[in-house]
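*Asks:* Sequence:
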Amino acid sequence: MANYGEINRALEALIDGVPHTVANLANASALLFSSLDRLNWAGFYLAEGEKLVLGPFQGKPACIEIPFGRGVCGTAAEMRKTVVVYDVHEFPGHIACDCASNSEIVVPLIKNGKVVGVLDIDSPEVGRFTDEDEAGLEEFARIIEKYAFCD
0 MANYGEINRA LEALIDGVPH TVANLANASA LLFSSLDRLN WAGFYLAEGE
50 KLVLGPFQGK PACIEIPFGR GVCGTAAEMR KTVVVYDVHE FPGHIACDCA
100 SNSEIVVPLI KNGKVVGVLD IDSPEVGRFT DEDEAGLEEF ARIIEKYAFC
150 D
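Residue numbers (numbering that gives the first Met the number 0): 0 to 150.
Heads up, none of these hints are tricks.
Estimated spans, in silico, between C-beta atoms of each pair: (1) Ile-63 x Ala-99: 16 to 24 Å; (2) Gly-68 x Asn-111: 20 to 28 Å; (3) Pro-66 x Cys-98: 18 to 26 Å; (4) Gly-48 x Asp-130: 29 to 37 Å; (5) Glu-64 x Asp-15: 27 to 35 Å; (6) Glu-137 x Arg-37: 13 to 21 Å; (7) Glu-5 x Gly-68: 30 to 38 Å; (8) Val-52 x Arg-79: 14 to 22 Å; (9) Ala-29 x Ala-99: 14 to 22 Å; (10) Val-52 x Met-0: 30 to 38 Å; (11) Phe-90 x Lys-59: 16 to 24 Å; (12) Cys-98 x Arg-8: 34 to 42 Å; (13) Pro-66 x Met-0: 33 to 41 Å; (14) Val-125 x Gly-16: 35 to 43 Å.
Simulated from the structure, these hints should not be mistaken for lab results. Glycine included, every Cβ here is placed at the ideal spot set by N, Cα and C.
Could you build all of it, start to finish, from the sequences and the hints given here?
*Replies:* Rendered as C-alpha cells:
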C-alpha cells in the first residue's frame with residue numbers, strides 16, 4: 000500500500016522553490032515510478048492548444064501527441080477531472096502506447112483555470128488503481144500545480 004502522505008511530502012520538498020518546470024516534472028515522475036509498485040509508466044503530457052504533448056516520464060517510449068477528447072489522457076483533459084480505468088481494453092478509444100498497459104489513471108493539471116497538462120500512470124495489472132490512489136494522486140497533482148509550473 001502506497002504512503003501518499005510521505006510521497007507528497009517528498010514531492011513538495013523536491014520542487015518547492017525550484018524554478019524549472021521540466022526538471023520538476025522529471026523529478027516528480029521519477030518519484031512516482033520509484034515509490035509506487037506495479038507500474039509500467041508514470042509521467043506527464045503537457046497542453047499545447049487543444050492537444051497534449053509528451054513531457055517528462057519514466058517507462059517505455061510513448062505517444063507524442065494526444066488530442067483533447069481522445070484516449071484516457073485526452074478525455075481527462077477535456078473533462079477536467081480524474082479518469083480511472085479498470086481495464087484499458089474496455090475504454091472506448093483507448094490509445095495503446097504500450098501494449099503491456101492494462102489499467103490507467105489520469106489526473107488533469109489545472110493552473111489559473113486552464114488545463115496545463117495531465118499526470119498519467121499506467122499499470123500492467125487490470126484494476127491496479129484504487130480510491131486511495133485516486134485521492135493520493137490528486138493531492139500529488141495539486142502540489143505539481145502549485146510548485147512545478149513556473150509562471
